[in-house]
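Number of protein chains: 2
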Amino acid sequence: MAYAFDEDTALQALPDVAPPGGGAGTGALAFTAGISHRWDTVGPPNGGFLLALAVRGLAEAVPFPDPITVTGHFFRPARHTPVELHVERIRAGKAHASAMVRLDQDGKEILRALGTFSDLAAGAGSDRSDARPPPLPPPEECLPVRELQPRQWDDLPGRMPELYRAIDVRLARPERREVGEIARLEGWMRFVDGRDPDVAALPLLADAFPPAVLDVADSVWVPTVELTVHVRGRPAPGWIAASFRTRFLRHGYFEEDGELWDSTGRLVALSRQMAVTRGERPR
Amino acid sequence: MAYAFDEDTALQALPDVAPPGGGAGTGALAFTAGISHRWDTVGPPNGGFLLALAVRGLAEAVPFPDPITVTGHFFRPARHTPVELHVERIRAGKAHASAMVRLDQDGKEILRALGTFSDLAAGAGSDRSDARPPPLPPPEECLPVRELQPRQWDDLPGRMPELYRAIDVRLARPERREVGEIARLEGWMRFVDGRDPDVAALPLLADAFPPAVLDVADSVWVPTVELTVHVRGRPAPGWIAASFRTRFLRHGYFEEDGELWDSTGRLVALSRQMAVTRGERPR
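For the record, the sequence lines run as chains U and Z. Positions in the first sequence are counted from 1; adding 2 to them yields this note's numbering. Positions in the second sequence are counted from 1; adding 2 to them yields this note's numbering.
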C-alpha cells in the first residue's frame, strides 16, 4: 500500500522539457507532479508540503540522502493543477551536494528552493546538546487539531484544513509560554495512515501545526514568505514531538521557530519561517 | 570618503556576460567585484561578507530596498580573486520581489543565494514583542575581540582575523548562558571607520562574531554551510547589540542563532546558520 505522502510527492520525469527562461544546460532535470487536496490548509496546499515536494526534486539531483538545509521562497498560493519541477544540480563534493529547484504551476513560478544534502549516517561528527524535548503530556492526553473549532475556521465554513485528516496533530493544553515569546504551540504529530516520519517528510511536518501566532495576529491568513528546515537527524518511527514559537512581530512580519524531536527524544529538525500577517486571503 | 564596506561591495556591471550553464534569458544581470583582505577570518573572507556582496547583486534586480529574508549556501572557501555575480530576477509583486544570485570565482561557483525583498517603511503591519535586547554592559566595559588571544588563533601566527580591524566587535564577559545552550556570545559591534549600520550591512554583521561554538567544538575551522538572515527593521545609527547561541551539535553540524538589535533597542535582524565542525582547514 502506498502512503498518501509518498503518492502525492511522487515525481514523473519530463526528460525533454527545458526550463522556461534558460538553464537548459548540463545538470537540468525536469519532473511533473499532481497537487492533491490532502495537504490543504484553510485554502491552498500547505507550504511545507510544497517544500517537501521540492525536496523530492532536489533529491533527484544529488548523491546524498539527507537534506540538511533547505530553504524555499514562496511566491504565490499553489492551486491543485499539476506542477513542473525544474531542478539544477549545482555542486557535488565529497561531503555535501547542492541543488536548486523551481516549481511552476499554470505557467507561473510558485516556489524556488535551494538545498544542501549530506549523509548523516556517514559521519564521525560529534554530538553535544543540553536541550530537551518539550515537556508534553502523552498524545492521548493532548487535543487533536481536527477536533478543534478555532475562531479562525468558523468563518471558513466546511474548510477545516484537509491537512488534519492526513496528519494527526495533537496540541498540549493549556499553552505554555517561555520568556519573550508572544506565541507558542507544542504537541505531537504523525501521519494518520501509519507512515513513519523520515527526512523527506520533515519539511512538511515542520509546517503542519496551525500558526502559533494566530492568537495575536491581526489577520487569519498568514502566508509563508520563506521556510528553512535544517534536518539534524533521521527520525525513529513513531510520534514526532514539536514546539513552534514566535517572538517578534515587526512591520507585519513574524518568524516561527520550530523544533522537531523523534520518539527516542532526539532532535531531528529545526525550522524557521518568515510569514506575514498582511497577506490577502486567497480566493 | 567611501567607507570600506561600501567600497568592497561595489559592483561593476558586466552587461554582455551570459552566465555559464544557461539562464541567459530575460532578467539575467551580471556584475563583477573584487575581494579584499579586509573581511578575512582565520583565512578566507567572512561568509557574511560574501552574503552581503550577494545581496548587493540581488538588490540590483528588485524594486524594494529591504532584504527581508536572504539565504546563502556556501560551496567552497572564497579567495581574493575577482568574483562574478549572476543575478536572476524571479518575481516582482506588489509587496515582495525575489531574486537569485550565483557567485563564481576562478570559474567555480562559491555561493548561491536566494532573497526576497520588501519595503519595511511602506507597511501598516503590526508590531508586537515581549523580547528584550541582551543585558549587556556598555561597549567600553566589554572586551574588543581584536585584543583577544584565543587558543584558536595561537596556531595561526599572524592571522588575527583582518575582519576585526574593520569591525569593532566587543564581547561581554563573563559569558552568560541560558538553559539548553551549549554556547553563547553576546556583545556589541560597529564599523571601525564610522559607517553606520544599514540593511545592506546586516548579513555581514550577522556573521561577524567569532563562532560561539569554538569553545566546545572539536575543530578550529567551522565553515558555514548555509546562512539565513531575516532583516526585521532598519537599524538606527550607532552600535549593534548582538547575541549568538548554539544549542545543538549533531553529526558534527550545529546551528548558530543570532539576534541583532539597534541602538534604540529594536530588533533589526534574526540570523541562523548551519555550520560543520568537520571541515578541513583551507590552505
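The set of hints was computed from the structure by calculation and includes no laboratory data. Any given hint could turn out to be false.
[Stated by the list, open to error] With the C-beta cut set under 10 Å, the calculated list includes, among others, these residues of chain Z facing chain U: (1) Gly117; (2) Asp198; (3) Arg234; (4) Arg249.
Cβ coordinates follow ideal geometry from the N, Cα and C atoms, glycine included.
Verification of the supplied hints:
1. Gly117: holds, 8 Å
2. Asp198: Violated, about 20 Å.
3. Arg234: This interface hint holds because 5 Å falls under the 10 Å limit.
4. Arg249: Holds, about 5 Å.
Violation of the numbered hints given earlier is confined to hint 2; every other hint is satisfied by the structure.
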